[in-house]
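If you're matching them up, the sequences are chains A and B in order. Counting with the working numbering, you get residues 1 to 113 for the letters of the first sequence. Counting with the working numbering, you get residues 1 to 116 for the letters of the second sequence.
Hint data in this document are derived by calculation from the structure and do not stem from the laboratory. Watch out, some of these pointers could steer you wrong.
Stated by the list, open to error - List time: in silico DMTMM-like cross-link candidates among lysine to aspartate or glutamate, alpha-carbon distance up to 20 Å:
no., chain 1, residue 1, chain 2, residue 2
1, B, K49, A, E101
2, B, K108, A, D59
3, A, K53, B, E16
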Amino acid sequence: DVKVTQSSRYLVKRTGEKVFLECVQDMDHENMFWYRQDPGLGLRLIYFSYDVKMKEKGDIPEGYSVSREKKERFSLILESASTNQTSMYLCASSLFGSEAEAFFGQGTRLTVV
Amino acid sequence: AQSVTQLDSQVPVFEEAPVELRCNYSSSVSVYLFWYVQYPNQGLQLLLKYLSGSTLVESINGFEAEFNKSQTSFHLRKPSVHISDTAEYFCAVSVNTQGGSEKLVFGKGTKLTVNP
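Just chain A, same shape as in the assembly (with noise of 0.2 Å):
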């Protein structure tokens, strides 16, 4: 059974605080992404990561940044939280090439105070 797992749930941080999400996969994928869910926005890509200590910025990085030190974990990094990153975060993973499915964790629902 494929697993993408994120380490919280539920997260709720103070403005201003350097904030860590995990995501760790055991499927051996090499592409590693982070998307952030919002209402009526749908999904938005972070980051990802095709390799490890490789990275692409997606459509709104700014106020991010990612760690990819290990081929199974990928970690999302808020430098200085602020509340308008308030919102769902979501990992997912995938083999190479373009047909190959996505899969994701769970989500990390975070609050910024």
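Based on the hints, put chain B in the right spot on chain A.
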């Protein structure tokens, strides 16, 4: 840039009625199209996908989608819905990136509510 438009943000229907969720994409040389479903408080999961071949693709739970190249559409249909089909549905297209990889671009989603 590739994009996906889901024309309806919300679709309410009664149980056992037919439903169509509309999706249009911007054209490209080759197109890989997907429908994902998100049940309440869960992540997304693949419902069906079009890669090549037959333009009609089906899922195991009775949904189908038809790839129409001339209309640049990939509408999702089900002839008779159940309460359990209540969920948000996302259409997506796979695009190549500058780094030589690929990523999914999603539409804004359609919330399907099936009422008794």
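Could you tell me which of the numbered hints above are not met by this structure, giving the numbers in increasing order?
3
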